[in-house]
Each structure stands twice: as structure tokens, then as C-alpha cells.
Amino acid sequence: MKTGIKLSLSGRIGAVMIGAFFFIGIFGPWLAPYDPTAVDLDARFLQPSADHWFGTDMNGVDTLSQLLWGARSALTISMVVVAITSVVGVAVGTIAGWFRGAVDEVLMRIVDVLMAFPGILLNIAVVATVARPGLGVMIAALCINGWVGYARVTRGEVLALREREYVSAAVAIGASHVRIMIRHLVPNILGPAFVQMAFAFGSVIMIEATLSFLGLGPQLGYTWGAMLDQGTTFLWRPGFTHYTLLPGLAVMWVVLGANLLSDGLRDRFDPRHRGRQ
Amino acid sequence: MSIGSFLLRRLGSGALAILGVSILVFAFLHLVPGDPVDHLLGGEATADQRKKMEHCMGLDLPAHEQFIRFLGHVADGSLGVQCPDPKGKPTVASRILEVFPYTIELAFAGMLVAVLLALPLGVIAAIRRGTWVDTMATATSLSVIGMPMMLLAPVLLLVFFIWLGWSPGPTETGFGSIVLPAIAVGVHLMAMLARMTRSSMIEVLNEDYVRTARAKGLPEHRVLIGHALRNALLPVITVAGLQFGSLLSGAIVIEKVFARPGLGLTLLEAISERNYSVVQGTVLVIAVIYVVVNTLVDLAYGFADPRIRRG
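If you read the protein sequences in the order shown, they are chains A and B. All residue numbers for the first sequence refer to our numbering, where the first residue is 1 and numbers rise by one. All residue numbers for the second sequence refer to our numbering, where the first residue is 1001 and numbers rise by one.
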């Protein structure tokens, strides 16, 4: 039997795109030629040149350096959010599916309410509670409803798994609830969880950029969303078009890569989807 | 399940969702770190000013009475009073009503754009399945789904207003002014619907009744439109309906880019004014529309297709 994950072509393209984003997010700031916050009012709105490959912005900050640091901040936020929400969501879903009854009913009604209206409204409401949201508030805002997708999918998987014989066997030999959930249930639902994590990675970056674009993000000039905001403000300015395009395409790159990777993983983990393309 | 109990269950979960949203929206003000009155008035406010503001916001009442007061404002349709009263509009509802038609107009126009573009794209991709046309349509849909609205909207504005001068610019009014925002807000949904139309059409084209229609010697366009598309449309219309709410939240970005009045822009203004009652009211209105539309779509689908009721 072959081990390792064999992905479809599009899945592999997605993996490479996400890999490139990780590389830039991790090493980008060291490659950045300038400080992404260094204001130089004599060098405002410079055109691309050998000194500034992508020119400078309204404060004379180097655009390339902003993009590279923006990748770092997008990567940090999405990694933390995906880590927290996936653990919480899988835990909630496992508990609901395993215990069923009242526990399940309460947890799933909470999920229903959070899924009943557009998530970004809730994210906005959370960041709007503070005058100057920092990274922490942004992460909290994205986590507050980020876990529900995992919870719903995990619960469904667990409801099916709990009827399996190896689970009945574990119950029969007196394994504790915690042991059954951690040793027998969770390892078998990791596949669907990975599919969701890959997809969530893209959507978290999209929401984060949207919030920053709306002026509700961390007060950093170099997040991709903040760059898009500035680019839109100065849209009429000739020769400044690239300042909107670059961060926009960066967000699109990550979202597209995440979606392709997620589709590829779903085909890999879920036999029902295999060969249906 | 009978129609009656299906109806009750679906309405019940809709009502529960609205109650949940109201609690969340109410709790929001109490999540504000520090004192909301400080945020509004700054540090130098006199005790008298603070007391007035606290009274206006109802913060001098115990929490449960505040919640009852909040529900009362929802019930009487005023959605509360604006405490800093910036535009001489005392109630939150009056401020929201003023911009409400703009957002609804944008959402409907966006829906129209999405459906008009998605159907031909999806049908062509399904008929020419596996050819380069299909591949192109799929690639287009995927890239559009990945494209942030914050990129699409400025690019539309740049090309059609600044470069070509074909479209009216932001803040202008008149019929033409809605075209670009409608495309920007609808194009995401278009991509989703095109993919749905494609897969739904492919499924239907394999059905026996399509083969029968062809065997009868009907012209191909009548087979495709009269027999196949009509049956393929049901799931597409459902998704379109369920996504109506996403057009409302998508409008926040679009309204900002095009400087177009609407619920989204009002929400952003209220946030920067620290006008919490308006923030609460706007979020509540958008959420309630979303829940109501989704419930109606579900109900309609349940009536149209009895299999759903059993689920």
C-alpha cells in the first residue's frame, strides 16, 4: 500500500500555491528591503524603480516591503485562527455526536444561530467593540464563529462512527468517554477536518482582508486589506494602479490555492467524491 | 412529515435564530471593553453629561431591564434612540429606513446580474462538457470565487469610469450608476450559480425524459430549454435565494468603494461615530432579513418538492 497523500493535479497546484505563500510569509520580512512602517514624506507615490521595485505609497513606504510583511501578518492570523477554530470545532462536534441528547441539542442550536446570519456581520460587531483593534481582537473576532463548520461536519461523522463495531467493542471493554473520543473517534475524522482547514485558511484571509479594508483591522498600514483600502482611495491617481492590484492578487492567490488544495484533499479523503470531476 | 409540522418546525427554527441574533446583538454593547460612555464622550466629560448619556443609552438600568427595553425597541419598530444624535434623526429606525431602499435595490440588481450571467454560462459548460469551453468556464468561475470584492470593485471602477468613462462615477445618481455596483456585488454569486447550473444540467441531461424528448425529434434548443433547463433550475433557484443574504453583507464593501448610501455604509459610519445603537440596529436588520429570506426559500422549496419535507 502506498502511503503519503496523492493529490490530483489541481490539488497539487493548490498545494504549491499555499507552499509559496508559507515561504513568503515566513521569510518575506527578512527579504524585505525596507522597514514597512518607515515614513519618508520626500518619497511619496514613487514609481517602480531599481530602489523601489513596486514604488512607494502615500507615506513614502516601500510597497514591496509592505507586501512581504503583509504576507507575514496574513499568515500569522490565519494559522492561529485555523488552529484554534479547528480544535474547538472538532471537540464540540465530537462531544455533541458522542453524547447526543440534551448536550447535542444545546450545542447544535448555538451552531444554528451562528450559521443563521452572515458571519462577517458578527466579525464586524466584535472588532467594532474596541476603538483600535489589535491582532488579538482580530483573531478573537475571526474565531467567534469560525468553529461552527468543523463542529457540524465532525458531529455528522461521529454520529456515523459511533455505530461501528470497534466503538462498541471499546465501550464493552470499559473504555472511558474521553478515551473513546480521543483514541477512536477523532483520528477517524481528521480527513474531513483537513479538508475544512485548507478551505478555512483561504476564507480567514479573505475575511481578515475585508475587515482591514473596511478600516476595522489592526492599525497596521501594511496588511493587504489596508493596502487595498489605500489603493482604492487613490484610485484616480495615474501610475498608482499597481498598489490596488498587487495586494488584491495576493489575497486571490491564497484563496485560490486554498480552494484548490481543499478540493484535492476532499477527493483524496472522501471516496464518494473520487473520480466525479 | 405533514406540511403543517414542516411549516411549524421551519418557522420555529427561524424564530429561534432571530432570538439568538437579538441576544448576540444586545450582548455586543456589554462586550465593549471599558465604559461605552467613555468611548463616546472622551475623558473630559462632566458628571452631568455622563449621566445624561448613560440615561439615554439605558445603561443606568439593571441588565435584564436593559434587555427588555431593547426587545421593546425592536417590537415597536423604532430600534432604539440614537444617543449622540448626529443628523437630527431621533430613532435608529429612521436612519436605517433612509438608506434601506438603496441596499435592497443593489441586492436585487446584483441577483439579476448573477442569474442572467450564470444560466447561459452553466448551460454552455454542461452541453460542451469536457471541451475547452467547459474548462474556460470552470476556470473563470473558480478565479471569480477567489477574487476579493476589494479587488474587483476598484478594478471595475478604474476601467469603466476612470479609463473608459462609460459609467457614472461614485456618488452620482441615476439609472446607470447602479450597473457597476450590481456587477461587483453579483459576480461572486454568478460564479457559484454557474457551477451549480452546470452540474445540475449534466445530471438532468442524462435523464430518460430528455432522451425521450430527443427521440420524439424535438429541436435541440427545445430539448435543452423546455425539458432540461426547466428541471435543472430548481436547485439553482434555491441556492440563489439562500444567497440573497450574502448580497446584503457583500454590499458593505461595494458601498464603501462606490460611496453608495446603504446599510453597509451606515454600519461603517456608526462604528466610527461609536454610535452603538445604530450598529446594533443595522446588524439586527441585516441578520433578520437574512433569516427571513432563508426561511421563505426553505418553505417554498419544501412545498415545491415533497422529498425535502421528509429530511
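Check the hints yourself; a few may be wrong.
Simulated crosslink set (SDA-like; lysine to any residue; CA at most 25 Å straight-line) [as the list claims (entries may be wrong)]:
1. B:1051 x A:130
2. B:1216 x B:1206
3. B:1052 x A:215
4. A:6 x B:1138
5. A:6 x B:1135
Rather than coming from a laboratory, the hints here were simulated on the basis of the structure.
Going through the earlier hints one by one, which of them does the structure break, listed in rising order? 3
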